[in-house]
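Participant: So the sequence shown is numbered by the numbering used here: it starts at 1 and just counts up by one.
Keep in mind the hints are simulated off the structure, nothing from the lab.
Backbone N, C-alpha and C fix where the C-beta goes; we use that ideal spot for every residue, glycine too.
Hints may contain errors.
Pairwise CB distance ranges, derived in the manner of DEER restraints [what the hints assert, rightly or not]:
no.: 1; residue 1: MET1; residue 2: GLU111; range: 36 to 44 Å
no.: 2; residue 1: LYS119; residue 2: TYR31; range: 36 to 44 Å
no.: 3; residue 1: GLN43; residue 2: GLN82; range: 33 to 41 Å
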Amino acid sequence: MYSKILHELLEFSGVEPQKVYTRIINTQPFYKKLKTEEWTVVQTLVDPAIGFTQLDISLSCKIGRYFKLLLGPSNGGKGKPQPTDIAIGDDIQRIKYTRNKYVHGVSMIPEEEMLDFFKEFTEVAKRVDKYLRKPRFVIRRTNQGVSNFDNGR
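Please take these sequences and the hints and turn them into a complete structure.
Facilitator: As structure tokens, then:
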């Protein structure tokens with residue numbers, strides 16, 4: 001779901017994926033740093049049927065920040081935003097931080113931490129919905145008390 005949020009925010013920037021691709025190929029300092037697998041994904045931006053949908057969290061943030069398509073965090077990108085940091089740029093940083101935490105650091109997630117994650121994700125999704133001016137995510141409770149997030153469309 002975090003990837004979908006970032007895709008929506010990139011779309012909301014008003015710059016079409018094909019134009020983002022053109023910016024990338026015309027910006028040598030940026031594209032020289034792309035890994036082979038990232039370059040493969042970037043090439044999908046030229047297909048209007050695919051758009052931003054193939055970008056993962058890391059590449060969405062990398063492109064969004066470099067080309068100023070996504071808002072930056074209040075803390076300048078230094079670590080996880082504080083709970084009081086609730087601007088969209090803070091939520092983008094929160095998404096990136098959370099992705100890195102679970103991909104690079106945690107092998108076993110305690111149930112309480114997972115519940116905290118879902119609570120925080122709920123708040124992020126609500127703020128993004130408000131920013132994009134459209135209801136996007138439907139939150140459903142399971143028997144275990146953990147939220148499931150579905151695309152509300």
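Participant: Between GLN43 and GLN82, does the C-beta distance stay in 33 to 41 Å?
Facilitator: holds (38 Å)
Participant: How does the Cβ-Cβ distance of MET1 and GLU111 compare with 36 to 44 Å: does it lie in that range?
Facilitator: violated (20 Å)
Participant: Kindly confirm whether 36 to 44 Å is satisfied by the beta carbon distance between LYS119 and TYR31.
Facilitator: About 38 Å separates the Cβ atoms of LYS119 and TYR31, which means 36 to 44 Å holds.
When the structure is compared with the earlier hints, a violation turns up for hint 1 alone.
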